[in-house]
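Undergrad: Next come the chains, spelled out residue by residue.
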Amino acid sequence: MKIDRRSFLSLGIGAAAGTALSPLPWKLMDDVSIWTQNWPWTPVPAAGESTYVNSVCTLCPGSCGITVRKVDDRGVKIEGMKGHPVNQGGICMLGLAGLQLLYAPDRIKTPLKRSGKRGDGNWISITWDQAISEVAGKLKELRANGQAHTVAGITGSGPNTVSRLFKRLLTAFGSPNFFTTPSMDSSYRLALQMMNGAPPDAITPGFDLENADFILSFGSGLLDGWGSPVHMFRTNTAWRKTQARVIQIEPRLSRTAAKADRWIAITPGSEAALALGIAHVLISESLYRKEFVDNYTSGFEGVVNATGELQKGFKQHVLEKFSPKTVSELTGLDPAAIILLAREFAKAKAPIALFGKGQGKQPGSMDEALSIHALNALVGVINQKGGIYALPAPDYPGWPAIPPDPIADSGVKQPRIDGASSDAFSRLNQLPSAVLSGKPYPLNALLVMEANPLYTMPDSKSVQEAFDKIPFVVSFSSFMDETARNADLILPNHVYLERHEDAPLPEGFSRPVISLSKAVFKPLYKTQHVGDTLILLAKGLGSSIAEALSWKDFDTCLKQAMGDKMDTLQKTGYWTDPNAVFPDGKMTFATPSGKFEFASSAFCPGFTPVKIEGDATYPLVLIPCDTMRLASGDTANPPFDTKIVEETILLHQASLIEINPKTALSQGLSENDRVLLQTPRGQANVLVHLEEGIMPGVIALPRGLGHTAYDDYIAGKGVNLNRLMGPVADPLSGLDAAWGIKAKLSKA
Amino acid sequence: MSNSDDKTQAVSEKTVETSDRPGGSSKGIIVLCFFIGLAASLAFGWGVFPKLLYSRKQQPIDFNHSLHAGVVSNGCESCHFLRDDGAYSGAPKLAQCIDCHQDVQGNSPEEAKFVDQYVKKGIEVPWLVYARQPACVFFSHAAHIKAAKMDCVTCHGKIGESEHLKVYEQNRISGYSRDIEGASLINMLGFKKHTWDRMKMDDCSECHQKQKAVMGSVQTQKEGCFVCHK
Chain A
721 MKIDRRSFLS LGIGAAAGTA LSPLPWKLMD DVSIWTQNWP WTPVPAAGES TYVNSVCTLC
781 PGSCGITVRK VDDRGVKIEG MKGHPVNQGG ICMLGLAGLQ LLYAPDRIKT PLKRSGKRGD
841 GNWISITWDQ AISEVAGKLK ELRANGQAHT VAGITGSGPN TVSRLFKRLL TAFGSPNFFT
901 TPSMDSSYRL ALQMMNGAPP DAITPGFDLE NADFILSFGS GLLDGWGSPV HMFRTNTAWR
961 KTQARVIQIE PRLSRTAAKA DRWIAITPGS EAALALGIAH VLISESLYRK EFVDNYTSGF
1021 EGVVNATGEL QKGFKQHVLE KFSPKTVSEL TGLDPAAIIL LAREFAKAKA PIALFGKGQG
1081 KQPGSMDEAL SIHALNALVG VINQKGGIYA LPAPDYPGWP AIPPDPIADS GVKQPRIDGA
1141 SSDAFSRLNQ LPSAVLSGKP YPLNALLVME ANPLYTMPDS KSVQEAFDKI PFVVSFSSFM
1201 DETARNADLI LPNHVYLERH EDAPLPEGFS RPVISLSKAV FKPLYKTQHV GDTLILLAKG
1261 LGSSIAEALS WKDFDTCLKQ AMGDKMDTLQ KTGYWTDPNA VFPDGKMTFA TPSGKFEFAS
1321 SAFCPGFTPV KIEGDATYPL VLIPCDTMRL ASGDTANPPF DTKIVEETIL LHQASLIEIN
1381 PKTALSQGLS ENDRVLLQTP RGQANVLVHL EEGIMPGVIA LPRGLGHTAY DDYIAGKGVN
1441 LNRLMGPVAD PLSGLDAAWG IKAKLSKA
Chain B
9 MSNSDDKTQA VSEKTVETSD RPGGSSKGII VLCFFIGLAA SLAFGWGVFP KLLYSRKQQP
69 IDFNHSLHAG VVSNGCESCH FLRDDGAYSG APKLAQCIDC HQDVQGNSPE EAKFVDQYVK
129 KGIEVPWLVY ARQPACVFFS HAAHIKAAKM DCVTCHGKIG ESEHLKVYEQ NRISGYSRDI
189 EGASLINMLG FKKHTWDRMK MDDCSECHQK QKAVMGSVQT QKEGCFVCHK
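Chains as they are written, first to last, in our numbering: chain A, 721 to 1468; chain B, 9 to 238.
By construction, these hints were calculated from the structure, which means they are not laboratory data.
Incorrect hints may have been included.
[Said to hold, decoys possible] Restraint ranges, calculated between C-beta atoms of paired labels, are given here:
no.: 1; chain 1: A; residue 1: Met749; chain 2: B; residue 2: Lys154; range: 36 to 44 angstroms
no.: 2; chain 1: B; residue 1: Lys59; chain 2: A; residue 2: Ala767; range: 28 to 36 angstroms
no.: 3; chain 1: A; residue 1: Leu741; chain 2: B; residue 2: Gln217; range: 24 to 32 angstroms
no.: 4; chain 1: A; residue 1: Lys1279; chain 2: B; residue 2: Glu231; range: 40 to 48 angstroms
no.: 5; chain 1: B; residue 1: His76; chain 2: A; residue 2: Gln1280; range: 45 to 53 angstroms
Don't be surprised by glycine CBs; every beta carbon is placed ideally from N, CA and C.
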């Protein structure tokens, strides 16, 4: 018997018929179609028990209450905490995307020690014991050689317990070089110190914005992330109902300007001049509130100087130098517009003037801070409903005195490396130049906590050079950010959702609030709360330092620091003063005169233009801008948020600069042209975006893009503005007052 | 019919012709081949394929429902309960077991294994859930137990009386438990004796139609895909 073609075909037909009569094809078809609904890369919500944990978001100084929804141990959603005084249940997109930071692939999972060249990204994992003993060993060596003062610490956290512990460690160690990250808050506090008179670390500005009815914003991005963003959005909604008016003074049509009742574009950097021009009208037309000025202020009519002579006061100074005509030349505004604005400001029931450009991440010039604060005093809204309060900082129970130690005592007596008189107004911006010049002394070690100076500081190139000169850099970062990447050792902190700590004083809020950040999640990796790390470091350093930080762990330290507030904090998640001590109408001031000081022998609000860098070869002015969709501080923008950045800011991987069509035409540029943007400090390839809403001659680039570290989801998107900026030290505060830099564009 | 007759005839004639050729297959062999092919593929399709399609996994611990049902006070709900928010807890967590099983209670080797490998180490038991609906389905136990007052047995059978856990069969392609798709081939085709024989979409709608139960969204009363599907 032989099987021929026909038999074979017949076998095949039989097999086909049999298969069709079996479940095989039908079942396979069904299964394959079901399989397409179950692709493993399709995210599926976890099954398990849902729980909600209240905590606080510390990704920005806003300190909003949050409620984290968990399914078993997995976090699935962050919502605004209902009833929290700051955000009342609202949340911003950064807070919403916080889980992406918790589960980020670039989290540092164990302590790391650099193995290759610095910045090459070669690390070896080490144990916590080893990490602590390495850092303690190095610091001990410096201390033994009488170089305790050549150690510096930078913190990006607010005035919370961890920061206070960090400062205490440095003081006990013998270093005066504790640095906070300066922001508009620094300038506000300095202005309050000078004019209201208050110890710098015991006072904080409070803004009663809900009760204001005329908001004169000198470039403050009220809807772009200024202060506590969610609170600002809610306040803006309330303003619509109360028919409060918002006047936005800014050279570009920001979101805030677009939503304001009026947008006034002035020459960038001339804000102080405009404030004093308005003051001129208020004084010359007798529109200021005499009741306040006459009874509670000094320095208005005249100032008695140290030798007992009577000098010109604020009034005369303003009347002589800031007539609407002069101010018109400085600001580019019509004199009539200035007069009109001043009259409206004076006639409002509860006017308030604000400064802090954009999100307020830069301190800005003290001229601006003082003249705008003076404007508030002229209309008498100091310590008044709808005005600006000087709030006492929440009372933390004192820690025991640091045990005396000769090395520490002589160390802290050394001058600070940045030339600041105390750490209350530390000048982080002066650190790179001090390190590079080696004066007053070289810096031998730097500890960085919750800060990313290599990304956030202007003129990144010289910051990098300064870093290269510091022999020993330790980062406590949770992420492989730019600074951690350039460190020698990384002792990773928990991410904010894993940390138990306090979050005091939401920025831009009306009263002091302390919120409690809870360890919502058990640590995912072998990270350690930086508070515990500091205590262990102190133990490793031994002697008086261990004694100064003798707490068993950070939780014990926090409990002691919070004192009787801890119960309330644990119960409700936040604490506000039960007596709600609004210094409403409290007209006592801690100045030498006992009054609010418009001017003194030491200062008088004036206008000296901040000389931004660049000569005539740079025909344009580059200004930074902020958007709610980009986090620009030490928190990197989570990928979810970068996704929603408009194509006029980030197109594919390229940043766009905003330029007026007229300026573009004169430069021969059109939409989406690729250009080389050059400033005296650096250059970058960018695309052109034509925008009618920006002043001719000015170009704008947003902060928060252009990371070079982290992971593929964060790095390589756009340009870091800070690489192009140059800092300008303010003569009064020593902080960065630059509002822009000269720039030029050429076709790439 | 005449068409097919003609064809058959034509084929037969052809066969007759070729069969005369030396070495050609006879008509009988061709028919035989057809039936061999038919029988083999039927055997494969009905017999081998279903076995190949499902992977068979043993539960990590052979749990004895009947033993536990006799000890607990609240029936099934002692371990399988609704949470406060209305979500269904499903297979119990270690936290519930360790109330009794902190240490070994009896002589069962399975219990010893459970205590050694899971309780002592604090690891959750990776139970394989026979009746888990896929992620694209909204299924609320609360709606069925509370609102419709159904009991567990109606859908899950007398699992509470079992002494051993059966083998968990998982579809290698779709990843579904076999209990969803049909415990036997006959069930798979839709012929079923018990509710729990198959738990696919048709089975949901069959019961809902029979019971004249809610067919649409609770909020809008409207029917549609997204009433049950995510």
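Undergrad: Now tell me, hint by hint, if it's right for this structure.
TA: So, going through the hints one by one against the coordinates:
1. Distance hint check: the CB atoms of Met749 of chain A and Lys154 of chain B are about 38 angstroms apart, consistent with the given range 36 to 44 angstroms.
2. Distance hint for Lys59 of chain B and Ala767 of chain A: a CB-CB separation of about 29 angstroms, consistent with the stated range 28 to 36 angstroms.
3. Distance hint check for Leu741 of chain A and Gln217 of chain B: the Cβ-Cβ separation is about 30 angstroms, which falls inside the suggested range of 24 to 32 angstroms.
4. Distance hint check: the CB atoms of Lys1279 of chain A and Glu231 of chain B are about 57 angstroms apart, inconsistent with the given range 40 to 48 angstroms.
5. For the pair His76 of chain B and Gln1280 of chain A, the supplied restraint of 45 to 53 angstroms holds, since their beta-carbon distance comes to about 48 angstroms.
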